[in-house]
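Here is what each chain is made of, one letter per residue.
Number of protein chains: 2
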Amino acid sequence: MKKEIFAKRTIEAAQAGIADAFAASNNTELISFAGGFPDAQLFPNDEMGESFRQAFTENSLNVLQYHDNRGYAKLRQILAKRLTADGTNTSADDIILTQGAQQAIDLVARMLINPGDGLVVEAPTYFGALGAFDAYDPTYYEIPMDADGMNMHALQKVLMAHSVKMIYTIPDFQNPTGAVMSLAKRQELIRLANQYDVVVLEDSPYRWLRFSGKQLPTLRSLDTEDRVISLGSFSKILAPGLRLGWATGGQKWIDAIATLKNGADLESPFITMVAVANYLSNNDLDAHLATLRKIYASKKDAMVAALQENLPNGFTVNNPQGGFFVWLQAPAGVDMGQIMKADITPNEGVAYIPSQNLYPSKTVCNAARLNFTGEDIPTIQKGIARLSKALQKYAPVVPAAALS
Amino acid sequence: MKKEIFAKRTIEAAQAGIADAFAASNNTELISFAGGFPDAQLFPNDEMGESFRQAFTENSLNVLQYHDNRGYAKLRQILAKRLTADGTNTSADDIILTQGAQQAIDLVARMLINPGDGLVVEAPTYFGALGAFDAYDPTYYEIPMDADGMNMHALQKVLMAHSVKMIYTIPDFQNPTGAVMSLAKRQELIRLANQYDVVVLEDSPYRWLRFSGKQLPTLRSLDTEDRVISLGSFSKILAPGLRLGWATGGQKWIDAIATLKNGADLESPFITMVAVANYLSNNDLDAHLATLRKIYASKKDAMVAALQENLPNGFTVNNPQGGFFVWLQAPAGVDMGQIMKADITPNEGVAYIPSQNLYPSKTVCNAARLNFTGEDIPTIQKGIARLSKALQKYAPVVPAAALS
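Protein sequence lines, in the order shown, are assigned to chains A and B. FYI, UniProt numbering numbers position 342 of the first sequence as 342, with every residue one higher than the one before it. FYI, UniProt numbering numbers position 38 of the second sequence as 38, with every residue one higher than the one before it.
Simulated from the structure, these hints should not be mistaken for laboratory data. Note that the coordinates shown come from a computational prediction; the quantities given were computed from them, not determined experimentally. Errors might be hidden in some of the hints.
[What the hints assert, rightly or not] Some but not every residue of chain A turned toward chain B, in silico, with C-beta under 7 Å:
id : residue
1  : A14
2  : F37
3  : G49
4  : R110
5  : P331
[Unchecked claim] These stretches of chain B come out as covered by chain A in the derived footprint (C-beta under 8 Å, 3 or more residues):
id : region
6  : 63 to 73
7  : 106 to 117
8  : 152 to 162
9  : 240 to 249
Where a beta carbon is used, it is the ideal one built from N, C-alpha and C, also for glycine.
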């Protein structure tokens, strides 16, 4: 090609460097805390195999044909009941099933974002969401994260100063920080969204993986003006290989998303939706969730304990109440991306997601996201020991005075 | 919402009216020639069920976990062999598996199209492709179709006068006209693409459904400058419910599409890809294709014969050598969309896709796409009889002089 042929978004995506981070995980010696992988030991493989088998034997369903592009009605009904029991009144008509919550993020952005439109994201945020948003050329506004969620003063300042179309937030066990948005902030977020006429995209794939503390109401359950679209996924609670998630919201949103899904991929695989409905009808998801919570809590405890014990001076880690990730804070000036690439992955065989990949502005370098669900506890401990040892050489030299 | 919240593309998609056409097919009395549905009687339901069962019993594959987002390597290898045997040299690395070819269309547009970029499409063309392209705000250039494919003089004129990034074409049994691009035009298209430095997106889901005549080389096999990206699908040759298609092309294209797929939906369901690989290893796809060709040819013959016999004066139908569709040409001034909505669907219970939905400009109203694969032959005959009868009242009055 003589001319520059790629679209702007393609060049930016190539430069975001996430592919580099995952490329590292082709190394089989590697201990990877980078991905958001669930523990494969916990997948209900036999039950799911049986659920697929059933899908093919109920011939009246014709699982191999095209179907309604909102997804299998029976699964939407089962899901609506579960969401309602979780405190968010939902009917089957309020739901569209998607290729994981990832596709729902993509379709909501496609529905709302004209080039240049204002889009608020938490800083840091889920890099996959940025990958979806980038396709529609938004103007990003980054809102810093506090321990109890998005900073509301910073949010209000942005909403006052700029035209914003959508706020993207992960209120439960945020990806990447693990933070839970407090009830007061949830209420304030809804108030601000109403005042400034903004759509809220609530992404909550980890909500049902709370290890301790009390569940808080979803943003959608606090919504009185039909401006919250809420996303969930079977990826973290059943299996990511299903590629099955959902968007819930008022009719006007679901109708528009369904129309746009025609252009994206027509519809999700009916076979999978029937199989998941079969699984949920024949098995006890709550018992399965209880098992996941217990095992993931013990993995999180093991990772946090190992970090607290071994991290050098100046590095800290938080201790989330659920989800998949802990957040490692390094001293100012330590570039966690640069040292991972140059030293920690090649020499120690450990990978994580460096913070600069988690900001649209790529400005913050001294932090990292660590996943605790994908590896077993001995491997977690071995990986954290290697990582902590490697980080010693990047710890700030403590002045003698401070030691006295 | 106080302000206009939807993106421009969402409003346009809602106005395209395709949803209306399909909504009609909720009527169970309806005889629908609208969709691109394969014959469900021909799905290898038992074999595919067994292939899914096998996917779950080969535990080493871990089908429920995240995997490589280019898709299951073994299936890419099988497919590469098949494409090579069909005359297009392809390696497994040249392939990315997608959610049907539909997602591949979406991702290629995402990869290339900045807002305003020039995009050539055949006129008429596949409306689902327009649904994908619209998300990236291209400037469309419509090239009229001849009986042997895109008009090359019109194409050259456009390429001379405008900056064009991509040409989208369906060379084999075009959707909607059924036309096959001649070898001379294929060669000329490649020559023009080279001369004007344009990417070619070759969409060919019907290629292996030729009923008569000689197969022509793919555009990708004629490409010498790595500017053709070629798409295919298991939807029409195995089953659409699999939602499995592919894009093939040089490394720079496949790498970029894989990066963008992260934002769209991370990856396609591994379970399905393993099941299809199992199906292809354990069954004879060529024998299956031979059956499809035989039955679809007889359906096409039945539809064309019924139309030729019953269509009123001034209406004509073509007789394609393969694929899923025939093209009905009405006299000038007959609005096939308007009469379908007002009369033919409500009164006769027959649906099709009116031509205005098949042009980005929505300018041509006097034609329609009819699918012949979805219904059985008695239903095709009944539907065409009803349709032809209804069209009588829209036939032009023939002047007495012409009758003498």
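Against the structure, the hints come out as follows:
| no. | hint | verdict |
| --- | --- | --- |
| 1 | A14 | holds, 6 Å |
| 2 | F37 | holds, 6 Å |
| 3 | G49 | holds, 3 Å |
| 4 | R110 | holds, 5 Å |
| 5 | P331 | violated, 31 Å |
| 6 | 63 to 73 | holds (count 5) |
| 7 | 106 to 117 | holds (count 8) |
| 8 | 152 to 162 | violated (count 0) |
| 9 | 240 to 249 | holds (count 4) |
In summary, the numbered hints that this structure violates are 5 and 8.
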